[in-house]
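Knowing the structure of chain A, use the given hints to seat chain B on it.
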Amino acid sequence: MIPLASILFEVVRNGATALSVQFLTGTPALVTLPTGNAALAGGIAVSIEGTLVLMGLTAVIAVPIGLLAGVYLAEFGDNRFGRSIRFLNDVLSEFPSIVIGILVYSILVVGLRVGFSAFAGGVALSIIMLPIVTRTTEESIKLVPRSVRDAAMALGIRKWRATISVVLSTARSGVVTGALLSVARISGESAPLLLTIGTSSYFLSGLNQQVDALPVRIFLLSSENYVSGAQQQGWGAALILIVLVLCLNLAVRIATRGKYGAVRSRI
Amino acid sequence: MGLPRFSILATTEEAAPAKRAEDKVSDTFLQKLKGFSSDDLFEFLATSIGSLVLVILIVTSVVLTRGSLAVFGKFGFGFLTGTDWNTSLGSESYGALPYILGTLVTAGIAISVGILISLGIAIFLSEMAPSFLRSPLSQVIELLAAVPSVIYGFWGLFVFRFWVRDYLETPLSTYLGWIPAFHGTATGYDILTAGLVLSIMIIPTVSSVSKETMMAVPSSQREAAYSIGATRWEVVKLGVLRYGRSGIFGAAILGLGRAVGETMAVTMVIGGTPGPYVLPTSLLKGGVTLSSLIATEFGDATGIHLSAPFGLGIVLFLFALVINVFARLMVWRVFKVTGGIVE
Chain A
1 MIPLASILFE VVRNGATALS VQFLTGTPAL VTLPTGNAAL AGGIAVSIEG TLVLMGLTAV
61 IAVPIGLLAG VYLAEFGDNR FGRSIRFLND VLSEFPSIVI GILVYSILVV GLRVGFSAFA
121 GGVALSIIML PIVTRTTEES IKLVPRSVRD AAMALGIRKW RATISVVLST ARSGVVTGAL
181 LSVARISGES APLLLTIGTS SYFLSGLNQQ VDALPVRIFL LSSENYVSGA QQQGWGAALI
241 LIVLVLCLNL AVRIATRGKY GAVRSRI
Chain B
1 MGLPRFSILA TTEEAAPAKR AEDKVSDTFL QKLKGFSSDD LFEFLATSIG SLVLVILIVT
61 SVVLTRGSLA VFGKFGFGFL TGTDWNTSLG SESYGALPYI LGTLVTAGIA ISVGILISLG
121 IAIFLSEMAP SFLRSPLSQV IELLAAVPSV IYGFWGLFVF RFWVRDYLET PLSTYLGWIP
181 AFHGTATGYD ILTAGLVLSI MIIPTVSSVS KETMMAVPSS QREAAYSIGA TRWEVVKLGV
241 LRYGRSGIFG AAILGLGRAV GETMAVTMVI GGTPGPYVLP TSLLKGGVTL SSLIATEFGD
301 ATGIHLSAPF GLGIVLFLFA LVINVFARLM VWRVFKVTGG IVE
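Protein sequences, first through last, are from chains A and B. Residue 98 in the working numbering sits at position 98 of the first sequence; the count goes up by one each step and never skips. Residue 337 in the working numbering sits at position 337 of the second sequence; the count goes up by one each step and never skips.
Next comes chain A alone, as it looks inside the complex (with noise of 0.2 Å):
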């Protein structure tokens, strides 16, 4: 308790101080104070619009691949195969993420030529969420009773479209809960992320540009040690990062509560 006490008192006493218009709206600026040395100015937005492209990309790529992932699970799911992907599943949803960031790093980075970019920060982001959805998808498909199915099966329409019109709509919450949830967790990934966006000062003008996020921009802000006005920008980008993350969940948690437990242990 006392940690995270004291993380979110640090965070938001430290990060007020930070808070401007020009914080919230600005692009990065270095300027010269009287004294010769280095000072940080300017303001974080385009880390913030990073982060949002990042996850909306993110949730794009992964969401339907998991609930597919998700509905093969649970629907096809009960045989030696099955069972295996299961299993695999939970293991990478547990894997080191600066590990799927070297892959991606090869693959399209390099491999493919596509940069650093930040199509290549979603996908690398994507790989660390699609388990996740997965298991979140399969747990809330099976949370809908046998009775609806076989209800919509004796109408006689084909398996695909039970599944899909009557089951997954039935499941619909559970679904969109663990998906805000693991929205929620990529976003303040930043591991993959060093090896996979690169960065960038100026507002996103394509996905297969560089870009900015606000958890990689804290990590270089606290390594800024010579330039003042570096750490009051990391606590006001942590501020920003942490009612992000926070608010969904506790929007997510607080309109489903006492449901999906299930669901939720997946996250």
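Check before you lean on any hint, since a few could be wrong.
Said to hold, decoys possible - Simulated crosslink set (EDC-like; lysine to aspartate or glutamate; CA at most 16 Å straight-line):
no., chain 1, residue 1, chain 2, residue 2
1, B, Lys237, B, Glu223
2, B, Lys74, B, Glu92
3, A, Lys142, A, Asp78
4, A, Lys159, B, Asp39
5, B, Lys237, B, Glu127
6, A, Lys159, B, Asp40
I should point out that these hints are in silico values taken from the structure, not numbers from a laboratory. No experiment lies behind these values; they were computed from the predicted model shown.
Same frame as chain A, now just chain B:
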């Protein structure tokens, strides 16, 4: 950027799921004769997508192996036992031992401190907490899991580090400095701090899995212990902890897996630079772990210097694979025995 393109990979990527699906289709060959129904297509599609996980894991191991060929080719097993990290052209030399040990030591600290706190939390939540406290408390622990690791790192670097330095390391180095493990100056920018930050980060995982294990222990176990006159603590010890030990062990190993792979928070507080000096001989020394070195070395490395992080990556990959497979098997076994209450 000097990596070869992965022409072999492209074929593996498509071949694995397709082959599987072919098996399935040939099972239902008769149906296929009657007409390939949309349901078959659906199953085929779902199966291929489901197999993507397998493909990702295979491709990852291929990529890491290919990438690290150069460094293992040049140094052989010396890469695993060497301590040098010399990147200057001509006299390049790479050894991963300090970082392998750094990873093991930080993860070891994390798990030994983390398991104690987590077990306390889990015992409280499953055995003692009044029901009105149970749910909010679990929610708070879940939120602890939601905090991004880079924020743990930032907090560790600018807040927690000074607590560790003033209240833990200074007394340790003053009074126990004669023990090699506590030798050195207390800076808070070292292996001990990294291990402690990690221990906080794994608490949510370890405590929630052990809590679920404990709640899955049948109440007959507790009643039996009570009936022979056990005290409350003895009930927990004999009835619950002993019965659920393999699940708790699995939870600890899962936590270990997290600690081994965690990158950012460690990179920010561990404060060492690669080289023979960061061999973790003392907890009060700066260190480097496998993941933190990968994160910082990838920048603009080329040639064999780029191959070295791949070598570190494959060691990390194998650690993570072994630990996670083992942990999952342990946890699964418990829930199979006790009827899968976690679902």
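Hint numbers the structure violates, sorted upward? none
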